Structure formats: C-alpha cells, structure tokens
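Q: Here the protein sequences come in this chain order: C and L.
Residues in the first sequence are numbered consecutively from 59, following the numbering used here.
Residues in the second sequence are numbered consecutively from -3, following the numbering used here.
Since the hints were made in silico from the structure, they are not lab data.
Keep in mind that this is a model prediction, so the values were computed, not measured.
Glycine included, every Cβ here is placed at the ideal spot set by N, Cα and C.
One should not assume that every hint holds.
To be verified - Restraint ranges, calculated between C-beta atoms of paired labels, are given here:
#1 C/E143 <-> L/D55: 28 to 36 Å
#2 C/L310 <-> L/K128: 32 to 40 Å
#3 C/T212 <-> L/K128: 16 to 24 Å
#4 L/F50 <-> C/V155: 29 to 37 Å
#5 L/G138 <-> C/L140: 36 to 44 Å
#6 C/G169 <-> L/S10: 52 to 60 Å
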Amino acid sequence: MEYVLHIIVVAGIYVGLAIALDLLIGHTGLLSLAHAAFYGLGAYTSALLSVYLDTPFLVSLVAGACLAILLSLLCGIIVLRLSAEAFAIGTFGLQMVLFSIYNNWMEMTKGPFGLKDIPRPAILGLSPQSHLGFSIMAVAYAVVAYLIASRASTSPFGRVLRAIREDEVLAWSFGKSTHRFKITVFALSAALAAIGGGIYAHYVTYIDPTSFTVMESVLVVSMVIIGGAASRYGAAVGAVVLVVFPELLCFLGLPGSVAANLRQILYGGFLVALMIWRPQGLLGTYTFSKGGIRG
Amino acid sequence: MTDTLLEICGLNKSFEGVNALCGFSCSMKRGEILGLIGPNGAGKTTLFNVITGFIEPEDGEVILKGVNLTNSAPHRIAKLGVARTFQDVRLVRQVSVVDNVLLSFRAQLGEKLGNVFFHWSKSQKCERENFKVAMSLLEKTGLYEESNELANDLSYGQQKLLSLVCCLAADAEILLLDEPVAGTAPAMIEQILSIIRDLPKQDKSVIVIEHNLEAISRICDRAIFMDAGAKISEGTPEEVHNDPKIIEAYLD
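All chains should be modelled from the sequences, with the hints used to inform the complete structure.
A: Below is the structure:
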C-alpha cells in the first residue's frame, strides 16, 4: 500500500510540473529546458529555509515560488526578447547554471552530498507524516496546478498566448505586448514548478542535485509531448504514463541492471513511435511541425 | 490644417542597398480613403511596415494626430489607433473565427493575468460584451455561420474578409489594408469593397494597397502612385490613372 501511495505522490508532483510546463510548450509555443532547475529552486529554497531558519512549511513553499518568479522575470526579460529557438537554448543555459550552483555551493546546498533531515511539514497543526497525507497533498497540488493553468489558458490571456504560438507578428499587430505576455506566463509556469519542488523536498526529506538535472527537464518535456501539448488532460496523462510505466517494468522479475536498461530502451522507443504515428501526443489536437513549434 | 490625421515626412529605408523608401512623404485627412498603387517592389508594403512600427526607417517621421510614431513598438502604435492587414493573409489559424475577432479588441481586462485570477467576474463581463460586439460584426459581414470554425477552414476569400473584420473590431482610426481583394471571387470583391467604402461614415480612414485599379477607382478619394520608394503621382484615381509618368514607369 505504501508503495502505491508513493507512486501517487510522485505522479501528483510530476502532473503538476507537466501542467506548468504545458503552459509554455503547448499554449505559448515556447520550449523551456529549465523546469527541473525551477523545480530544484523550489526544493532547495524551501528545504534550506526549513532546515536553517525553521520557517513554517507554507512560508517556505511560497518563498520558493517567489524566488522562481523573480529569477524567471529576470531571465525572461533578456531571453524572451530573442526567438523561440534562442529561448530554448537560453533556458538550457539557465538549467546548467542552476544545477552547477546546487552541485557546487558546498556551504549552502552541501553539493553532491545533498541536504538531509528536511522536516516533514505541518499545515494548520496537521502534519501529513504518513504516505497517505502526502499523497493527498500531492494530488491537491496537481489539482490546483490544473485549475490555475486552465483558468489562465481559457481566459483572454490564454487566447493571446495561442496567438503568440501561431503568429507572434500578428499578435503584435493586434496591439498585444507579446513580450509582456511571454514573461508573465514564464513566471507563472516557473512558480508552479517551484511549488512542486518544495513539496518533493519535504516529502523525501533528503535532496541532492541529481534530482534536478537537465535530463529531468527533458523528462517533463517528454511528458507534455507524449500526453499531448495544449490539450485539456494531455500533460497530466503524459506524466502519469511516464511515472507508472517504468514501475510496471519492475514486476517483470528481471534483474535490476537489465530492467533499468530496458526502461531506457522502451522509453526511447515509445517516444519515437509516438512521433511517427501520433505527433500531436496521446490526447493532443495540436501538431508539432518539423520547422519548430507551429500550426 | 486641423483635420490632418496622418503626416508622413521624408521616409527613407533601404534593404542591402536597394531603396525601398526614398524620401517618401504624404499626408491624409480624417475620413479619407487613400489608394496606394505601383509595381511590385515599389515600397508600398514597406511603407505599411514603417507606419505600423515593424520596420524602423533610416530617416523621416510618421505623425498621427500630432503624436510622433517613429520608432515606437508595433503594439503601441496599434493601441494608438492603427490597424492593418497583411498581404499574405495572417490569421491565428488554429483558433476559431470569433476568437480571431476577439483577439483584435484593444482594451481587454481579461488579458491581464492579475485580473484573470483576482477580478474574474469583471473580466468575464468585459469578455461577454466583447463577444456580443464580435458576433454582431460577424453577422453584419456574413461570417456568423462560420463563427465557431477554425480560421484555417475558411475559404481564401472568407479569410481575407475575416482579417478585415479583425481590423474593424480593433476600433482603430486608420486601417491599413494590404491588397484586401487580391485573389478573391467577384462577389467577395463587391462585399469587401462595400465594407471599405462605408468606413469613413464610421469616422475611420483607410489606406489601401491594391493592384486592381478598377477597385481603387471605385472606393478611393485620392490615389498615390509609387515607384522605387518615391511618390510619382498623386491625385484622384482618374488623374493618376491617366498620368503619362505612370505609363512611362510601367513600360520601363
């Protein structure tokens, strides 16, 4: 039972991350490779505050989100001036820089040794110490992320994002400050990712930089694309598939070393098959064309 | 003169040595329909791009109602009351027809993320009002039935019409129309021309680029013939049409 609840926690967090990223990839047509870094920023900020300053859980969580907003605004103002392709490269750079900080700032993050003894949270006197408590929290996070993302994307704000995705010049000629829209959605997406990171840190009580590598960013991108970008439940389904699917391989009774490699092979094969037969993703309606993200 | 709406003085712009605009000047009055004709590469579209801020001129000024627009960003110029269409019909193709019209409304509460979350009912109210206006515009122009279709699924003529409707929704004072009837069927040409002809009654002014000289002479008060980035001839459509300099330019 604990095992199933653990899967639910992990899936819940990834669903939230994928939904946050879909705001950028699916709705705005911007590929961010920095989402693991923002996720890590939330995890480290929240963990450090709790460990060193003993701040309450919710305060640490919000602090992580605020820091992510600040950083994404700062980067967005510069990188979002450039083309969508340059944005992908810029966020890749940001991912690398943040990872290096997590990995090398020994005094603060303890580098590769990781931060341990992160306190389990207490919300309004309740402390979800159990797996059950955490799985409820993770699902709540996923639901909140979903509600926020769908409110934003179905509003006139979201309509402008879709216009930017398809024809930024046209959106501009309609009098929209496309730069402002892109910065805003980048900050929203980063904040949602950071909150996921905070929950993760307090759940596992130990974090190290390997959870926040560029491969982790790529994994979240894959979730969005496999599930179907810019569709209602696509990102969530993609996240659940990519969390649950590898776990199922464990039941095949293969030796651990084989299972780990097989997982990589199947995962790669799955992505290739999808790109050939269903480029819009499992639930998506929006097709990624060869020349980048376009209509 | 007080009713001068737009004043363009001495615009210069060259692309890799080719002069697209060469000291181009003109002015237009409120409520006027101005036709812009000339061979391909005469700089007509470049002029539109300079007015709307997509291209910075090397020299010269664009002044709208006494406000200098030169070097302003396109979205600021659009908000000051300039709307445009593009020669290669540009629409947000994977969203519905009515959403395309809604996108071109300038003042929308729901476009600020803060309002979406903290003033939801107010921004929804604004959205509903805009929706009504958009639907009535579509009704008037005969696109009502298609309002929920994807813009991409419209016929070419309907797409041209839709991009014009988007300009109407923008509540702009000046509409810059780049070949609004090129490549459309005769019935659609009639419809689009009659919409354009009615614009001065709604206190809107128009600059229209068109190769269809008959269309120009039917809707325009005044025409300018451009070649190699400069104004060759100016006057009523008939005067311009019969100007010997134009025959010379086309024969060159």
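Q: A separate judgement is required for each hint: does it hold in the structure or not?
A: Hints, one by one, checked against the model:
1. C/E143 <-> L/D55: 28 to 36 Å: holds (33 Å)
2. C/L310 <-> L/K128: 32 to 40 Å: violated (59 Å)
3. C/T212 <-> L/K128: 16 to 24 Å: holds (19 Å)
4. L/F50 <-> C/V155: 29 to 37 Å: holds (34 Å)
5. L/G138 <-> C/L140: 36 to 44 Å: For L/G138 and C/L140 the Cβ distance comes to about 42 Å; the hint holds.
6. C/G169 <-> L/S10: 52 to 60 Å: Given range 52 to 60 Å: holds, Cβ gap about 56 Å.
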